[in-house]
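Model the placement of chain V on the given structure of chain Y, informed by the hints.
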Amino acid sequence: MIASNQERKRFLSWGMVLASLALTGSCATLSGGGKESAAAAPASGKSHEVRSVSQQMLNAAADDENNWIHPNKDYTQTRYSKAAQINTGNVAKLRPVFVFQTAVVESMETSPIVVDGVMFLTTSYDHVYAADAATGQELWHYKHPMGSTTTFCCGPNNRGVAVSGNKLFLGTLDAKLVALDSKTGKPIWTADIADPDKGYSETMAPAVVDGKVLIGTNGGEYGIRGFVKAYDAETGKLLWTFYTIPDRGSEGVWATKDLTGRDMHRNIAAEKTQLAKGRKFEATLGGGVWMTPAVDLKTRTIFFVVGNPSPDLYGAERPGDNLYTDSMVAVDLDSGAYKWHSQYVAHDVWDLDAASPPILVDAKDKDGNVIPAVIHGGKTGHVYVHDRKDGKLIRFSEAMVPQEGVWTLPTPQGARMALGANGGVEWSPMAFSPKTNFAYAINLIQPMTYHVEATAYPDGKLWLGGAFKTIPTEPQSGNVTAVDINTGKIAWQAKTDQPMIGGISATARELVFAGEGNGLFKAYDAKTGKVLWSFQCGAGANAPPVTYMVDGKQYVAVAAGGNTQIDFKRGNSVFVFTLPE
Amino acid sequence: MTSSVATACSCSRSLNEAGTEAPGTRGAWQSRCRTRHERRAAIFAALLLSFSPGGLASQVDASQVQIETGRKKAQYCSGCHGPDGNSELTDYPILAGQTTRYSYLQLKDYKSGRRTDEMMNAVAAGLEKQDMLDLAAYYASQRPKGPRMQAGETSVPFKPDPARVEAGKKKSAEVLCTMCHLGEFAGQNEVPRVAGQHPEYVIKQLKAFKTGKRTNDAGTMSSVSKTLTDEDIENLAHFVASL
Numbered sequence: 001m002i003a004s005n006q007e008r009k010r011f012l013s014w015g016m017v018l019a020s021l022a023l024t025g026s027c028a029t030l031s032g033g034g035k036e037s038a039a040a041a042p043a044s045g046k047s048h049e050v051r052s053v054s055q056q057m058l059n060a061a062a063d064d065e066n067n068w069i070h071p072n073k074d075y076t077q078t079r080y081s082k083a084a085q086i087n088t089g090n091v092a093k094l095r096p097v098f099v100f101q102t103a104v105v106e107s108m109e110t111s112p113i114v115v116d117g118v119m120f121l122t123t124s125y126d127h128v129y130a131a132d133a134a135t136g137q138e139l140w141h142y143k144h145p146m147g148s149t150t151t152f153c154c155g156p157n158n159r160g161v162a163v164s165g166n167k168l169f170l171g172t173l174d175a176k177l178v179a180l181d182s183k184t185g186k187p188i189w190t191a192d193i194a195d196p197d198k199g200y201s202e203t204m205a206p207a208v209v210d211g212k213v214l215i216g217t218n219g220g221e222y223g224i225r226g227f228v229k230a231y232d233a234e235t236g237k238l239l240w241t242f243y244t245i246p247d248r249g250s251e252g253v254w255a256t257k258d259l260t261g262r263d264m265h266r267n268i269a270a271e272k273t274q275l276a277k278g279r280k281f282e283a284t285l286g287g288g289v290w291m292t293p294a295v296d297l298k299t300r301t302i303f304f305v306v307g308n309p310s311p312d313l314y315g316a317e318r319p320g321d322n323l324y325t326d327s328m329v330a331v332d333l334d335s336g337a338y339k340w341h342s343q344y345v346a347h348d349v350w351d352l353d354a355a356s357p358p359i360l361v362d363a364k365d366k367d368g369n370v371i372p373a374v375i376h377g378g379k380t381g382h383v384y385v386h387d388r389k390d391g392k393l394i395r396f397s398e399a400m401v402p403q404e405g406v407w408t409l410p411t412p413q414g415a416r417m418a419l420g421a422n423g424g425v426e427w428s429p430m431a432f433s434p435k436t437n438f439a440y441a442i443n444l445i446q447p448m449t450y451h452v453e454a455t456a457y458p459d460g461k462l463w464l465g466g467a468f469k470t471i472p473t474e475p476q477s478g479n480v481t482a483v484d485i486n487t488g489k490i491a492w493q494a495k496t497d498q499p500m501i502g503g504i505s506a507t508a509r510e511l512v513f514a515g516e517g518n519g520l521f522k523a524y525d526a527k528t529g530k531v532l533w534s535f536q537c538g539a540g541a542n543a544p545p546v547t548y549m550v551d552g553k554q555y556v557a558v559a560a561g562g563n564t565q566i567d568f569k570r571g572n573s574v575f576v577f578t579l580p581e
Numbered sequence: 582m583t584s585s586v587a588t589a590c591s592c593s594r595s596l597n598e599a600g601t602e603a604p605g606t607r608g609a610w611q612s613r614c615r616t617r618h619e620r621r622a623a624i625f626a627a628l629l630l631s632f633s634p635g636g637l638a639s640q641v642d643a644s645q646v647q648i649e650t651g652r653k654k655a656q657y658c659s660g661c662h663g664p665d666g667n668s669e670l671t672d673y674p675i676l677a678g679q680t681t682r683y684s685y686l687q688l689k690d691y692k693s694g695r696r697t698d699e700m701m702n703a704v705a706a707g708l709e710k711q712d713m714l715d716l717a718a719y720y721a722s723q724r725p726k727g728p729r730m731q732a733g734e735t736s737v738p739f740k741p742d743p744a745r746v747e748a749g750k751k752k753s754a755e756v757l758c759t760m761c762h763l764g765e766f767a768g769q770n771e772v773p774r775v776a777g778q779h780p781e782y783v784i785k786q787l788k789a790f791k792t793g794k795r796t797n798d799a800g801t802m803s804s805v806s807k808t809l810t811d812e813d814i815e816n817l818a819h820f821v822a823s824l
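Heads up: the protein sequence lines correspond to chains Y and V, in order. All residue numbers for the first sequence refer to this note's numbering, where the first residue is 1 and numbers rise by one. All residue numbers for the second sequence refer to this note's numbering, where the first residue is 582 and numbers rise by one.
Isolated chain Y (complex conformation) (with noise of 0.2 Å):
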């Protein structure tokens, strides 16, 4: 797109008038969308058109420096763009082009996919939105017809689409895997993923690879069973289950310490009592896949994490590890069949459970080796190094935040521990940088109490087993944290005001982006942390960011819609930047 030289000045002009508005938080005023922003549309008076996208680009997406065509950039999950235009020393003059406002004013955890210049982004309660990505033109808006039963925790959210070929695939809070026309957003099928009266619900964003829709599913605060399902991406046929619980074998190896040795503090004889009465819970032990897999093209294998067992704070009555919860897990691409797993935390009664998704990387092994590996952040406030091959775990960071009384086990009056339920690293994806080979984090410092309450399954009604509460006497915060993966030593940490939700992205010119729940959205030194840029949206900025090319142009995208779960403030837009003329 070249716009003429009125059309920029209009542009820039607007771009200040928002900047200044968002300055003082009033920018939710003014109308992005739709007809107004028709005014900065393309000198043609076009949008850009919307693009095939096939499985050759899908495979090439790490390399594609204009596209962001993977929930996480590629199917190595890094969150890391070649685009190089924007760098260190010019992103202080990054400035917004436009603002996408949707009609949904509630948390947006959505990560755009943009093609050939086109950006789709969803919203709370399952919108879909395709925008020209350099204008913010709308060109269609897909509003999913919500059956009457949903059941989910925490927030209506959605965290975006997948694309292959003409369509998009959504997942959404009915339980229900929808394909989209990506030209028109019509629906081409729709398929049941499970019954979300039991609890069964959608947030993430599928992955698609080779004609099959990767989904997983929401669900563990109601007491599912938890899986990943794979789908025909022509005819939305179910191919395969893997179930998160196996049908035998759920009590595991009875461990005593988490992955990092320490003690859980485990009455096996009572768990083991308990098993031995023949009580059956394995339908109910929860386990959900809350975030996009990694695919391993080579191997043919998807690695996802999975979430805690159900109920979540209260685990007398589901004895043994509760595997595959709280672990990560290698299945087979084409069958499903199981390869292997690793288990964070054993018996999880904290929800410190595993949901920031996997990234595939090059990583030292303990003999100074480069293999593949694969590594999760975790809600412990860890980032973990397996072996790709067989899970083995080769190290784990220093710990990114405060450790305290971990693991205390849960009262009914509440036990604290300075490690909040929610994290260390909640499902924000984090990113890694090829070149700094450091894995960015953000994270949570929410120190709590965790309250346990004896519950029989309630059947489809929340189902923690209890409660957590922060402490009024003790400060929240956050921040962001580079990892180096070779040693597991902390590069560098910047501290931020409040608890950190959302996601991360890094790019070749050294630059890491992240955003805040006050509204904050920062470029950060990817090799010190250094702050070399920020802007305040006006609404908690706590979605992953992506950045992309539009004729010859880098754009940075975030959504700032605010946070359901961490109660940061609400709006409904999409931010894009670029670099002046």
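These aren't lab readings, by the way, just hints derived from the structure by calculation. Don't take each hint at face value.
[What the hints assert, rightly or not] Listed below are the simulated SDA-like cross-link pairs for lysine to any residue, each with C-alpha atoms no more than 25 Å apart in a straight line: (1) V:Lys710 <-> Y:Gly147; (2) V:Lys692 <-> V:Ala706; (3) V:Lys750 <-> Y:Asp192; (4) Y:Lys198 <-> V:Gly768; (5) Y:Lys569 <-> V:Lys751; (6) V:Lys751 <-> Y:Gln498; (7) Y:Lys198 <-> V:Lys751; (8) V:Lys750 <-> Y:Asp497; (9) V:Lys689 <-> Y:Thr149; (10) V:Lys791 <-> Y:Ala316; (11) V:Lys653 <-> Y:Thr149; (12) Y:Lys143 <-> V:Arg724; (13) Y:Lys569 <-> V:Gly768; (14) V:Lys710 <-> Y:Met146; (15) Y:Lys392 <-> Y:Ser335; (16) V:Lys807 <-> Y:Pro472; (17) V:Lys794 <-> Y:Tyr457; (18) V:Lys654 <-> Y:Asp192; (19) V:Lys689 <-> Y:Met146; (20) V:Lys751 <-> Y:Lys298; (21) Y:Lys298 <-> Y:Tyr243; (22) Y:Lys435 <-> Y:Asp63; (23) Y:Lys82 <-> Y:Asp362; (24) Y:Lys569 <-> Y:Pro472; (25) V:Lys794 <-> Y:Lys93; (26) Y:Lys277 <-> Y:Arg225; (27) V:Lys791 <-> Y:Ala456; (28) V:Lys751 <-> Y:Thr473; (29) Y:Lys569 <-> V:Glu765; (30) V:Lys807 <-> Y:Val406; (31) V:Lys791 <-> Y:Lys277; (32) V:Lys791 <-> V:Thr759; (33) V:Lys791 <-> Y:Asp387; (34) V:Lys751 <-> Y:Thr411; (35) V:Lys710 <-> Y:Tyr243; (36) V:Lys807 <-> Y:Ala456; (37) Y:Lys186 <-> Y:Asp362.
[As the list claims (entries may be wrong)] Distance ranges between label pairs, derived from CB positions: (38) Y:Glu404 <-> V:Gln656: 54 to 60 Å; (39) V:Thr792 <-> Y:Asp210: 53 to 59 Å; (40) Y:Arg279 <-> V:Lys794: 23 to 29 Å.
For every residue, glycine included, the Cβ atom is placed at its ideal position computed from N, Cα and C.
Relative to the frame of chain Y, chain V by itself:
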């Protein structure tokens, strides 16, 4: 429930119990309500005979039809909950704007006995699943008109105490209410809207959770309310009423 007579008896008995919970505050209200309830109970007895399950035509806009069906069925609830779900009796909840899922599951729980209230158990005993869904859909479609407080025989709009609102807001942030109740306590799924609810009802429920009198919350509210003082509960009631 076995007969209309039994319904009427259980209704008035439950009201007496409600009265004893806060003695001396509403003798007049009690007598007024008792007659209203007796009337309502009789209506209900008739209603139970007339309810027919199911019957939505799939070709038409189910939600509008359902709301209208629910409206008709809700006539029999209006004695206590108001014609549009805006109860003027302050220890009976405002149902207008409540989430469909919550209302449905509460009715289901009343029917199964998971939640106990002599009157509501009797009322729900005669409801089929479709009735519950229709009623829930109707109330969800109505606009809440704001909390009230008892003033002699009648009730008047409730004026929250700003200091209590502030204290309640703090406590709410501390115990992470909106993680489940959604921002502004708007409610989602089976987690109820409590924004703008009668403080008296909110206090009654929080205390019921705390003392273990109400247990159909799957443990969450029991656990949350365990560390709340009476003062906290009062403050929280003012805060959510102010929303």
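So, going through the hints one by one against the coordinates:
1. V:Lys710 <-> Y:Gly147: 17 Å, holds
2. V:Lys692 <-> V:Ala706: Roughly 5 Å separates the two Cα atoms, so the pair holds.
3. V:Lys750 <-> Y:Asp192: With Cα atoms ~40 Å apart, Lys750 (chain V) and Asp192 (chain Y) exceed 25 Å; violated.
4. Y:Lys198 <-> V:Gly768: 19 Å, holds
5. Y:Lys569 <-> V:Lys751: Holds. Lys569 (chain Y) to Lys751 (chain V) sits at ~16 Å (cutoff 25 Å).
6. V:Lys751 <-> Y:Gln498: Holds, at roughly 16 Å.
7. Y:Lys198 <-> V:Lys751: Measuring from Cα to Cα gives roughly 33 Å; hence the hint is violated.
8. V:Lys750 <-> Y:Asp497: 20 Å, holds
9. V:Lys689 <-> Y:Thr149: At roughly 14 Å apart (the allowed maximum being 25 Å), Thr149 (chain Y) and Lys689 (chain V) satisfy the hint.
10. V:Lys791 <-> Y:Ala316: Measuring from Cα to Cα gives roughly 22 Å; hence the hint holds.
11. V:Lys653 <-> Y:Thr149: 22 Å, holds
12. Y:Lys143 <-> V:Arg724: 23 Å, holds
13. Y:Lys569 <-> V:Gly768: With Cα atoms ~17 Å apart, Lys569 (chain Y) and Gly768 (chain V) stay inside 25 Å; holds.
14. V:Lys710 <-> Y:Met146: 20 Å, holds
15. Y:Lys392 <-> Y:Ser335: 23 Å, holds
16. V:Lys807 <-> Y:Pro472: 16 Å, holds
17. V:Lys794 <-> Y:Tyr457: Holds, because 19 Å separates the two Cα atoms, which is no more than 25 Å.
18. V:Lys654 <-> Y:Asp192: With a Cα-Cα distance of about 32 Å, the restraint between Lys654 (chain V) and Asp192 (chain Y) is violated, given a limit of 25 Å.
19. V:Lys689 <-> Y:Met146: 22 Å, holds
20. V:Lys751 <-> Y:Lys298: 53 Å, violated
21. Y:Lys298 <-> Y:Tyr243: At roughly 24 Å apart (the allowed maximum being 25 Å), Tyr243 (chain Y) and Lys298 (chain Y) satisfy the hint.
22. Y:Lys435 <-> Y:Asp63: Roughly 14 Å between the alpha carbons, so the hint for Lys435 (chain Y) and Asp63 (chain Y) holds.
23. Y:Lys82 <-> Y:Asp362: 17 Å, holds
24. Y:Lys569 <-> Y:Pro472: The hint holds at about 20 Å.
25. V:Lys794 <-> Y:Lys93: Cα-Cα ~61 Å, so violated.
26. Y:Lys277 <-> Y:Arg225: It holds: about 21 Å lies between the C-alpha atoms, which stays within 25 Å.
27. V:Lys791 <-> Y:Ala456: Holds: Lys791 (chain V) and Ala456 (chain Y) sit about 18 Å apart, inside 25 Å.
28. V:Lys751 <-> Y:Thr473: 12 Å, holds
29. Y:Lys569 <-> V:Glu765: Distance ~11 Å between Lys569 (chain Y) and Glu765 (chain V) Cα, so the pair holds.
30. V:Lys807 <-> Y:Val406: OK: Lys807 (chain V) and Val406 (chain Y) at ~23 Å, within 25 Å.
31. V:Lys791 <-> Y:Lys277: 31 Å, violated
32. V:Lys791 <-> V:Thr759: The given pair, whose Cα atoms are some 19 Å apart, holds under the 25 Å limit.
33. V:Lys791 <-> Y:Asp387: Violated, because 48 Å separates the two Cα atoms, which is more than 25 Å.
34. V:Lys751 <-> Y:Thr411: 23 Å, holds
35. V:Lys710 <-> Y:Tyr243: The hint is violated at about 31 Å.
36. V:Lys807 <-> Y:Ala456: 18 Å, holds
37. Y:Lys186 <-> Y:Asp362: Violated: Lys186 (chain Y) and Asp362 (chain Y) sit about 40 Å apart, past 25 Å.
38. Y:Glu404 <-> V:Gln656: 54 to 60 Å: 58 Å, holds
39. V:Thr792 <-> Y:Asp210: 53 to 59 Å: 58 Å, holds
40. Y:Arg279 <-> V:Lys794: 23 to 29 Å: Because 28 Å falls inside the window, the suggested range holds.
The structure fails hints 3, 7, 18, 20, 25, 31, 33, 35, 37 (numbered hints given earlier, in ascending order).
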